[in-house]
Amino acid sequence: MDLSTLITPGTLFFFMLAAVTLVSALGVALAPNILYSAFSLLGTLGGVAGLYLLLGADFVGIVQVLVYVGGILVLILFAVLLTNKLGELKLNNLSTGLMVGAPAAVALLALIVKGVTTTAWPLTEEATAPTTARLGDSFLREHLLPFELVSLVLLMALVGAMVIARRAAKEEGRSVPEESHDRLVG
Amino acid sequence: MGWLAILIPLVVFVVLGFVATLLFGWLIPALGGDLHSWYAALLKAAFILLGFVMPLAGVLTWMERRQSAMMQDRLGPNRANVGPVRAFGLMHFVADALKMLFKEDFVPANANKLLFALGPVMAIAPVLITFAVVPWGSGVCAGHLTDRLTDGQLAQCLDTGGGRFQVVHLEIGLLFYFAIASLAVYGATLAGWASYNKWSLLGGLRASSQMMSYEVTMGLAILGAFLVYGSLEPATIVQAQGDSILHWGVVTQPLGFVLFFTAAIAETKRTPFDIPEGESEVIGYFVEYSGMRFGMFYLAEFMEVIFTSAIVATVFFGGWQIPGLHADGFVAGQMPHWLVCTLQFVAWAVKVFVLCWFQLMIRWTMPRFRPDQLMRLGWKQLLPASLANILITAGVVLALMPGAK
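Residue numbers (the working numbering), protein chains in the order written: chain A, 1 to 186; chain B, 187 to 591.
Certain hints may be false.
Unchecked claim - Derived lysine to any residue pairs resembling SDA-like cross-links, with alpha carbons at most 20 Å apart:
#1 B:566 x B:582
#2 B:384 x B:277
#3 B:384 x A:81
#4 B:566 x A:159
#5 B:299 x A:40
#6 B:384 x A:159
#7 B:299 x A:35
Unchecked claim - Chain B stretches covered by chain A per the calculated footprint, using a threshold of three residues with CB under 8 Å from any CB of chain A:
#8 368-374
#9 436-448
#10 460-470
FYI, nobody ran anything at the bench for these hints, they're computed from the structure. All residues carry an ideal CB built from backbone N, CA and C; glycine is no exception.
Make the full structure from the sequences, and use the hints.
The following block contains the structure:
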C-alpha cells in the first residue's frame, strides 16, 4: 500500500479525530487535577462521536454527544465540583497508584489486541446514513425484547439509587428535603 | 407612533427576504456557483447569523429594556441620538456594544485563566451552531425567479438543485439541535467554576442542574410532534404542516407546544427560571466577567431567545408557511417564484419576532421560582405531562393512521 492511497480526506479526518480522542484520553489518565481529567473526557467522548459520524452512523454519533457529552459528563463534573472544596482539588487518577492500574491496563490492552486481530473486518458498501429509521425498526421490532429488558435494568438502577440516597439521608438524622418542605408549608 | 414599531421590522424583513432570494436564486448561480457546495452553506450561515440573528439579538436587548420600562411605568432608554435622529433610542444597543468592547477585561487573581476564557465561548458557540438546522424559507429555485412554479416543481428543484433556505439539511435535524444545545451547559459550569468565586460556583451548579432537568422535558415534549409529522428534519416538519392552520403543530400538539415552550424558556435561564442568576441572591455564574466576555453571555442569552422562537415557530407554527399560500400564490399561477420566496421568509421572520416579544413579556410578567419549586415543576409536573402527551399522541396516530408502519 503506497502513501497516496492512504491520504484521502476520509483518512485525514480519521487521524485527526483519533489524535483528539487519544490525546484527551491521555489527559484523562494523567491530568494533575481530577477536574481537568473530567474536562479532558469532553475531547475523548467528542472524538468518538466524530468517529461514529465519519463511519456514517449519524444517529449513534449524535446520541453519543447528546447522552455522554451533554448528560453523563455534566453529571460527572457536577459530582466533582460538589465533592471538593473550591480550588483545593488534589485528587487525580495517578494517585490510585501503578500497582492497581497496570494489571488492569495490560489486561484491557490484551483484550483489545485479541479483538482487533481475530475479527474478520468485512467491508460493506459505504454511505449508510441516514440510519434513524432503520435503527428504530430494529429496536422496536426485531430486538424489542432485549431493548425492553435493557430499559428495565436502567429503571432498576434508577430506583436503587433513590433507595440508597433516601436511606443515607435518613441515617444521617436529617429529613429528606421534600418532607421538610411539606412540613414547612402544610 | 406605535404603528412604526410594526412597520419598521416588517420592512426590514421584506428587504432581508428579497436579498436572500436574489443572493441564492440569482447572484450565486449567475456567478457560476454551486448551491450544494460548502461555500453556499457558509454564505447561508453568514446571511442568517449576521443578517438576522445578531442584529435581532442586539435590538432585543434594547426592546427588553423598553418593555420592562413600559411594564414598570418608566420611560426606559429612549435617547442615544445619532445627530438629530432619535429613533426611540434604538441606538442604545450600539452604545451598549461599544461600552462592552472598550471596558477593561478583568480576570480575577485566582481564576483559572484557560477555563475562564473558555466559558463565554462555550456558552455562545452552541447557539450559533444550532441555527444551522433552522429552515428560514422553503428555498429558492435558481434560474426560475420570475416563473410560476407549482409545489411539485419547487420540491423537485430543491431536491436536485439545492437552494434550500437552510444551512444544512440533516436527516437527524432536531436531534442534532438537542445534542449541540446540551453543550451549552458547559459554558455556565466552566464560567462558574473558573471564576474562583462562591457565588459564581453556586450559579454554575444551579445552571447545570436546571438545564439538565429541563432538557429531558424539552426532548420528550417534542417527540409528539415527531410522531405526528413522521420526521426529525425541521424543513420536512414544516412541509408536513402544510398551508392549513389546522395541521400546524400548535393545533395537533397543543400540550406538546406548552410543555416545549416552557422547558425551552427554562433553558434560556431567564425569569421566571433565572435561579442561576437571581440578582438578589447569587448574581450568577458570570459575576466575575466584565467587558465583552460578559457581553458574550449576554448575547448568547438573547440568541437563545431567538433560537427558541425559531424552533417553536418551525415545529408548532408552520415555520415559513402562510395559510393558503402555495409555491405559486394563493391562487394557482398568481405569483412569481421570487415573491413567494420573499413572503415565506417574511412569514418566518414575523413568527420568530412575535415569539421573541412574547418571551420578553413573560420575562417581565412572572416572578422568580424558588429552586425547589423549579425542580418540582420540571420533574413532577412537566415530565409526567410530556410522557402522557407521547402516549396519547402515539395512540391517536396509531388509530388515525393504520397504515403507519
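Taking the hints in turn, this is what the structure says about them:
1. B:566 x B:582: 25 Å, violated
2. B:384 x B:277: 36 Å, violated
3. B:384 x A:81: 12 Å, holds
4. B:566 x A:159: 16 Å, holds
5. B:299 x A:40: Given pair residue 299 of chain B, residue 40 of chain A holds - Cα atoms ~16 Å apart, limit 20 Å.
6. B:384 x A:159: 33 Å, violated
7. B:299 x A:35: 14 Å, holds
8. 368-374: holds (count 4)
9. 436-448: Contact hint for the segment 436-448 of chain B vs chain A: violated, 0 residues under 8 Å.
10. 460-470: violated (count 0)
Comparing the model with each earlier hint shows violations of hints 1, 2, 6, 9 and 10; every other hint is respected.
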